[in-house]
Amino acid sequence: MTDNSTPLSSRHVIDRLGIVIFALAVAGLFCPFVLFRANRIVAGEARYALDALPGWPGYFLLAAVGTGAVLALLRLDSRLRLAVSFAALAILAVGLGWAVDSVTPAGDKISRTAPALGFWLELLAFGLLAADSVVRLGLKPLSRIALLIAVSVAIATILLSGIWSDLSVLREYANRADVFWREAATHIALALGSLVAAALVGLPLGIAIHPTKRLRAVVTGLLSAVQTIPSIALFGLLIAPLAWLAATVPAAAAIGIAGIGAAPAMLALFLYSLMPVVSNTLAGLDAVPPAANVAARGMGMTDAERLLQVQLPLAFPSILAAIRIVLVQNIGLATVAALIGGGGFGVFVFQGVGQTAMDLVLLGAVPTVALAFASAVILDAAVELVSVKGRT
Amino acid sequence: MIEIEHLSKFFDETCVVDDVSMTIPGGALAVIVGTSGSGKTTLLRMINRLVEPSSGRILIDGKDISAIPPHELRRQIGYAIQGHGLFPHRTVGQNIATVPHLLGWDAAKVSARVEELLDLFQLDAAEFRDRYPSQLSGGQQQRVGVARALAAAPKLLLMDEPFGALDPIIRARAQEDLRQIQQRLGTTIVLVTHDMNEAIHLGDRIAVMDRAKLLQYDTPQEIVIRPATEFVGELLGSGERPFRLLSLQPLRPYIEPGEAPGAALDVDASLRDALEEALWSGRAAVPVRDGAGKTLGRVTLATAIRQAARPQ
Ligand SMILES: Nc1ncnc2c1ncn2[C@@H]1O[C@H](COP(=O)(O)OP(=O)(O)OP(=O)(O)O)[C@@H](O)[C@H]1O
Ligand SMILES: [Mg+2]
Numbered sequence: 001m002t003d004n005s006t007p008l009s010s011r012h013v014i015d016r017l018g019i020v021i022f023a024l025a026v027a028g029l030f031c032p033f034v035l036f037r038a039n040r041i042v043a044g045e046a047r048y049a050l051d052a053l054p055g056w057p058g059y060f061l062l063a064a065v066g067t068g069a070v071l072a073l074l075r076l077d078s079r080l081r082l083a084v085s086f087a088a089l090a091i092l093a094v095g096l097g098w099a100v101d102s103v104t105p106a107g108d109k110i111s112r113t114a115p116a117l118g119f120w121l122e123l124l125a126f127g128l129l130a131a132d133s134v135v136r137l138g139l140k141p142l143s144r145i146a147l148l149i150a151v152s153v154a155i156a157t158i159l160l161s162g163i164w165s166d167l168s169v170l171r172e173y174a175n176r177a178d179v180f181w182r183e184a185a186t187h188i189a190l191a192l193g194s195l196v197a198a199a200l201v202g203l204p205l206g207i208a209i210h211p212t213k214r215l216r217a218v219v220t221g222l223l224s225a226v227q228t229i230p231s232i233a234l235f236g237l238l239i240a241p242l243a244w245l246a247a248t249v250p251a252a253a254a255i256g257i258a259g260i261g262a263a264p265a266m267l268a269l270f271l272y273s274l275m276p277v278v279s280n281t282l283a284g285l286d287a288v289p290p291a292a293n294v295a296a297r298g299m300g301m302t303d304a305e306r307l308l309q310v311q312l313p314l315a316f317p318s319i320l321a322a323i324r325i326v327l328v329q330n331i332g333l334a335t336v337a338a339l340i341g342g343g344g345f346g347v348f349v350f351q352g353v354g355q356t357a358m359d360l361v362l363l364g365a366v367p368t369v370a371l372a373f374a375s376a377v378i379l380d381a382a383v384e385l386v387s388v389k390g391r392t
Numbered sequence: 001m002i003e004i005e006h007l008s009k010f011f012d013e014t015c016v017v018d019d020v021s022m023t024i025p026g027g028a029l030a031v032i033v034g035t036s037g038s039g040k041t042t043l044l045r046m047i048n049r050l051v052e053p054s055s056g057r058i059l060i061d062g063k064d065i066s067a068i069p070p071h072e073l074r075r076q077i078g079y080a081i082q083g084h085g086l087f088p089h090r091t092v093g094q095n096i097a098t099v100p101h102l103l104g105w106d107a108a109k110v111s112a113r114v115e116e117l118l119d120l121f122q123l124d125a126a127e128f129r130d131r132y133p134s135q136l137s138g139g140q141q142q143r144v145g146v147a148r149a150l151a152a153a154p155k156l157l158l159m160d161e162p163f164g165a166l167d168p169i170i171r172a173r174a175q176e177d178l179r180q181i182q183q184r185l186g187t188t189i190v191l192v193t194h195d196m197n198e199a200i201h202l203g204d205r206i207a208v209m210d211r212a213k214l215l216q217y218d219t220p221q222e223i224v225i226r227p228a229t230e231f232v233g234e235l236l237g238s239g240e241r242p243f244r245l246l247s248l249q250p251l252r253p254y255i256e257p258g259e260a261p262g263a264a265l266d267v268d269a270s271l272r273d274a275l276e277e278a279l280w281s282g283r284a285a286v287p288v289r290d291g292a293g294k295t296l297g298r299v300t301l302a303t304a305i306r307q308a309a310r311p312q
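So the sequence lines, in the order shown, correspond to chains A and B.
Position 186, counted from 1, in the first sequence is what the numbering used here calls 186; the numbers after and before it change by one each time, with no gaps.
Position 295, counted from 1, in the second sequence is what the numbering used here calls 295; the numbers after and before it change by one each time, with no gaps.
It is worth saying that the hints were derived from the structure and are not from the lab.
Just so you know, not all the hints are guaranteed correct.
[What the hints assert, rightly or not] Partial pick of chain B residues on the chain A-facing surface, computed with a CB cut under 7 Å:
no.	residue
1	L50
2	V51
3	R74
4	I81
5	F87
6	W105
Every residue, glycine too, gets a C-beta built ideally from N, C-alpha and C.
Could you put together the complete structure from these sequences and hints?
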């Protein structure tokens with residue numbers, strides 16, 4: 001039998017998720033920290049932290065990660081755990097920069113050094129610890145946004161400081177900085193543009209079909225059918241009709257509509273976005289208390305007044321939740337647009353896949369994930385902010 | 001004045017209000033009583049066109065309401081919905097200000113009115129004005145709902161079980177306040193309840209409904225003395241009828257000269273109060289005084305008992 005009576009039995013001291021974090025972090029210590037390649041194409045050579053960081057920095061990194069892993073194992077105050085995770089991540093970030101620096105021969109511009117499995121495991125471990133601590137802290141929406149800003153500033157500082165400038169991904173970036181920012185702008189334009197279009201169409205559409213059962217069934221049925229088409233198929237399906245449109249209607253071609261490029265990408269994203277916007281508009285309107293509707297009519301509001309003053313404000317959190325879903329979804333989906341010449345971060349991903357250049361894939365994927373993550377945090381906070389007040 | 005003429009309402013095949021006719025004089029307080037599902041709310045909602053009648057018509061001050069655009073009609077009529085129906089996303093102050101806003105009152109006037117109403121319903125303006133309905137107790141929500149109905153000082157007020165969630169003490173005070181508001185402003189009120197006590201206490205006229213039909217529409221005295229059907233009698237509670245009758249009779253006409261021992265009753269009390277006081281304190285007569293405390297005479301137990309008997 002186990003002894004539950006002692007107050008310091010392991011279950012009181014050990015954090016359950018901490019075991020996973022500890023295991024990941026310790027496993028990471030036994031894996032290579034960076035991967036060195038003399039040029040973009042040759043196979044890489046793994047370097048362990050102690051090789052890459054000779055002398056005290058290597059030992060310091062190992063000691064810091066080890067300490068962090070042990071602290072993660074313990075049931076500590078969430079604020080302390082968050083501090084531990086941030087400290088570990090900061091040390092890893094600087095450690096990575098130094099390691100890359102030290103394995104890259106002086107003056108060399110063609111070698112490529114990338115983080116290896118060991119670094120990724122540590123990143124996963126302490127990222128997990130940070131996320132878990134933030135959740136447990138139960139931060140208020142505005143504090144979460146403040147934290148997001150602080151983390152973004154920290155990452156920007158690292159990027160601008162140059163300690164990562166020899167990192168393979170950033171070398172890829174340095175080679176195509178102009179293109180990167182152009183594709184970034186395209187990516188955001190695709191994701192936001194389709195969202196705005198979906199909101200402008202979906203909201204009135206949802207409001208219009210809300211009172212009529214039959215219309216609702218037809219429209220939602222149609223839109224969910226669109227949702228089930230795989231994204232690549234939908235992008236592909238739109239090429240033919242848009243190409244036809246561009247060929248037959250000169251005006252369409254003049255405003256940039258073509259079978260391939262941004263137009264079909266925008267249209268596909270728009271179609272995907274319509275369903276969440278319409279269905280959340282309907283759900284939000286359905287959730288308006290019947291008594292509030294009757295009271296609004298009973299006091300002499302016209303249908304328009306009731307819509308603007310009662311129904312939409314009460315449905316707003318649900319509609320905002322749809323905006324959040326759509327934005328995060330579109331930031332991810334916009335990557336696929338590159339396949340049909342629509343541009344965006346997908347350009348790097350697919351180029352990278354084609355050239356089996358992992359660094360290039362990362363150059364497209366990491367900003368996409370960061371953008372989606374930041375939008376999710378900001379809009380989640382916004383949804384919470386508008387939902388808290390005045391809810392029963 | 002509200003004239004309801006042969007009003008019926010069918011939902012699908014079921015008749016929910018069946019050929020109801022009644023006239024509510026201007027400035028009167030009419031109470032609709034009846035069991036749950038008897039059609040009270042439906043009847044009330046036809047007066048502000050929230051429900052359109054299947055047949056029959058309603059005239060307000062001689063005008064057929066079917067000719068008035070619904071939202072304009074409703075802005076003239078106060079409506080306290082069953083179970084408050086406050087807007088959850090608006091503060092107490094904003095809720096009360098709904099109709100004044102729709103009518104385009106200026107901000108200062110609205111604000112003053114909100115304060116006045118909160119005051120009237122014993123809700124501290126500083127404390128409650130900026131709260132959301134979810135931050136109120138059930139009774140407070142209901143009072144805000146009634147205050148909202150009164151906001152634009154309507155000449156006609158429809159109230160659907162406005163005091164259901166109040167405790168007896170606050171309910172009595174709210175009923176008293178409603179009476180006073182009504183008398184001071186000359187408001188015509190139609191109030192729905194299933195509490196016969198409330199109906200007798202408040203009503204100038206009582207309409208008794210059962211299964212879609214209007215069984216009797218009369219003064220409280222007539223209803224108590226001559227219930228039209230067995231069901232109306234049942235609703236009154238046969239054991240309570242003498243006391244209900246007494247509660248409808250003020251003391252003043254029954255004061256006789258003479259002395260009586262013990263604490264005096266106020267002249268505004270009813271014969272029922274006199275009976276209770278006399279029985280409980282074991283006195284044969286109770287002294288009566290006016291508002292200033294001057295003794296006017298006495299009311300005897302014998303008088304109260306005689307007046308409790310059904311008039312022939
Ligand atoms: N919109 C509607 N559609 C169909 N039936 C309805 C509708 N509104 C009310 N009814 C039915 O009409 C009948 C009378 O309803 P009503 O709300 O007028 O009763 P009530 O006397 O106010 O009852 P309560 O005291 O419970 O509030 C009930 O049987 C109810 O189910
Ligand atoms: Mg009712």
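> Holds or violated: is there a CB of chain A closer than 7 Å to the CB of B:F87?
Replying inline: Holds: closest Cβ of chain A sits about 5 Å from B:F87, inside 7 Å.
> Regarding the hint that B:I81 lies at the interface with chain A, is the smallest CB-CB distance below 7 Å?
Replying inline: holds (5 Å)
>> Would the hint on B:W105 be counted as holding, given a Cβ-Cβ threshold of 7 Å to chain A?
In response: Given a least distance of 14 Å, the restraint on B:W105 is violated.
> Once the shortest beta carbon distance from B:V51 to chain A is found, is it less than 7 Å?
Replying inline: violated (10 Å)
> Is the interface hint for B:L50 satisfied, with its Cβ closer than 7 Å to some Cβ of chain A?
Replying inline: This interface hint holds because 6 Å falls under the 7 Å limit.
> Hey, does the B:R74 contact hint survive, CB to chain A under 7 Å?
Replying inline: For B:R74, the interface hint holds, since the closest Cβ of chain A sits about 4 Å away, which is under 7 Å.
Checked against the numbered hints above, the structure breaks hints 2 and 6 and satisfies the rest.
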